[in-house]
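*Asks:* Chain by chain, the residues run as shown.
2 protein chains.
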Amino acid sequence: MRIGYIGIGIMGLPMAGNLLRAGHDLSVFSRTLSRCDPLAADGAAVCRSSSEVAASSEVVFINVPDTPDVEDVIFGAGGISDGAGAGLIVVDNSTISPRATREFAARLKEKQVDYLDAPVSGGDVGARQGTLAIMAGGDEAVFARCLPLLEVLGSKVVRVGSVGMGQTAKACNQLFCALHMLACCEGISLAKGAGLDPGIMVDVVSSGAGGSWALKNLGPKIVGGDLDPGFMIDLLSKDLRLAMELAEEAGCDLAGAKLAQGLFKQAQKAGLGRLGTQALCRVVD
Amino acid sequence: MRIGYIGIGIMGLPMAGNLLRAGHDLSVFSRTLSRCDPLAADGAAVCRSSSEVAASSEVVFINVPDTPDVEDVIFGAGGISDGAGAGLIVVDNSTISPRATREFAARLKEKQVDYLDAPVSGGDVGARQGTLAIMAGGDEAVFARCLPLLEVLGSKVVRVGSVGMGQTAKACNQLFCALHMLACCEGISLAKGAGLDPGIMVDVVSSGAGGSWALKNLGPKIVGGDLDPGFMIDLLSKDLRLAMELAEEAGCDLAGAKLAQGLFKQAQKAGLGRLGTQALCRVVD
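Protein chains in written order, with this note's numbering: chain A, 49 to 333; chain B, 49 to 333.
If you are wondering where the hints come from, they were derived from the structure by calculation, not from laboratory data.
Virtual Cβ for every residue (Gly too), placed ideally from N, Cα, C.
Hints should not be assumed to be uniformly reliable.
[To be verified] Chain A regions said to be covered by chain B (calculated; three or more residues, Cβ under 8 Å):
{"id": "1", "segment": "63-73"}
{"id": "2", "segment": "98-108"}
{"id": "3", "segment": "216-222"}
{"id": "4", "segment": "258-268"}
{"id": "5", "segment": "307-319"}
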């Protein structure tokens with residue numbers, strides 16, 4: 049199939065690479081064009097705009113940081129909308145606003161372009177291994193057409209509802225990631241304070257009812273002082289904003305998520321925004 | 049080996065049963081003696097006191113709710129201390145104060161009785177299946193003698209340090225359990241509020257970087273309205289008190305754990321104390 053991938057970052061690079069290796073014709077574009085070099089070396093066509101990617105693709109994936117970035121990729125100058133023919137499917141792997149997602153889908157529908165929001169979870173490790181969890185929102189027929197591609201990217205691919213619901217599920221997912229990271233930082237802080245080897249604690253707690261993906265994958269990094277991203281504090285902080293906006297609309301008072309949001313903001317103010325989310329440990333006593 | 053088990057509750061019953069099925073001679077005692085009936089039917093000797101259990105055992109396990117209960121079982125009238133001969137090993141599977149644990153061990157040492165704190169995690173499911181995580185504190189030689197027994201009870205058995213450190217690790221474990229449960233309640237609340245099927249959310253988030261033991265095992269119970277314990281709110285609230293005492297001694301300011309502690313107390317005040325920890329959802333909006 050002729051596939052496009054726009055946004056070649058920590059997640060987009062391995063995801064696009066997996067689509068390429070699955071035998072698809074791949075066109076790519078990224079704001080920093082040099083990031084496409086490894087894919088070009090493997091046979092991908094590097095385009096000069098999102099519009100150009102759209103013109104040569106049946107399905108175009110997007111993976112960029114925030115809602116305005118997706119809007120720009122689709123509707124900005126040289127955007128997907130300029131190059132899109134009827135029948136194109138846009139699949140958004142970014143994590144953005146559910147409300148804006150529904151607006152984008154409605155605007156594209158006028159051009160007979162279909163839309164699937166398909167944010168992912170599982171980190172750069174899951175992206176490389178093709179073991180991501182993918183939470184998709186969109187029409188069943190559109191989902192069915194994209195499923196073989198999504199199954200290249202993830203090992204758990206679920207249509208969670210209509211357009212926007214993928215992003216809603218991702219907002220929930222990020223709430224879990226944030227609170228689990230807070231638990232990691234506090235648990236490790238408590239172990240250290242009480243004279244218990246934190247590495248041993250992380251190992252044994254991971255195996256019981258206190259276990260989490262975060263503890264198993266990022267706990268050892270906190271203990272070892274490895275604060276490289278993975279997934280950046282700036283991005284999780286943005287995702288928490290989306291989750292709290294959704295909570296506000298829904299009338300949910302989420303005290304834990306609110307606390308975590310405050311601590312991640314504090315980490316940003318402390319200049320830790322471009323480190324991995326595990327750098328939250330720097331602001332948790 | 050001649051084994052004793054004192055405290056035949058939700059956890060103690062399946063754990064003692066696994067030791068019995070592994071071929072050991074088992075003596076048991078519990079405050080509510082009728083709880084020993086299923087074990088008696090399988091060949092265990094039911095004793096009339098902890099002292100009697102100790103007198104007929106090489107290793108005595110304890111599994112009771114709180115620090116004063118362990119003290120009573122060991123040092124109270126008809127307690128282990130009365131019946132213990134030199135060389136007995138006391139293994140405490142309860143979750144209690146690390147500081148009191150060190151005191152108990154020191155007092156028993158005067159009688160040449162060895163002590164291992166070996167609290168467990170993995171819920172009633174892990175207890176039945178023998179797949180608990182066991183975090184043990186004590187001398188290496190004592191741990192080595194108990195290891196074959198602990199490996200009957202758990203699939204992850206780790207000596208985390210000297211006497212008391214098992215309880216310290218368990219306090220960390222309970223901090224994770226409490227914060228993960230908070231995440232479950234808030235995530236499910238957010239999904240419902242935003243019109244997303246909470247069961248689908250739990251399923252897909254469990255498979256990604258937002259996953260946890262709590263979400264996978266207790267998330268579906270929250271969604272289905274099954275609030276039976278499992279593990280009771282009263283007990284997790286007690287464990288959080290132990291964790292916060294430890295944090296206080298260590299000078300750690302754990303804002304997340306403190307928030308969770310307040311919410312679990314609120315659940316107790318609302319009369320939910322004897323329900324499963326997932327009943328926290330009743331006080332999370």
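*Asks:* Which numbered hints are broken by the structure, listed smallest first?
*Replies:* Checked against the structure, the hints that fail are numbers 1, 2, while the rest are satisfied.
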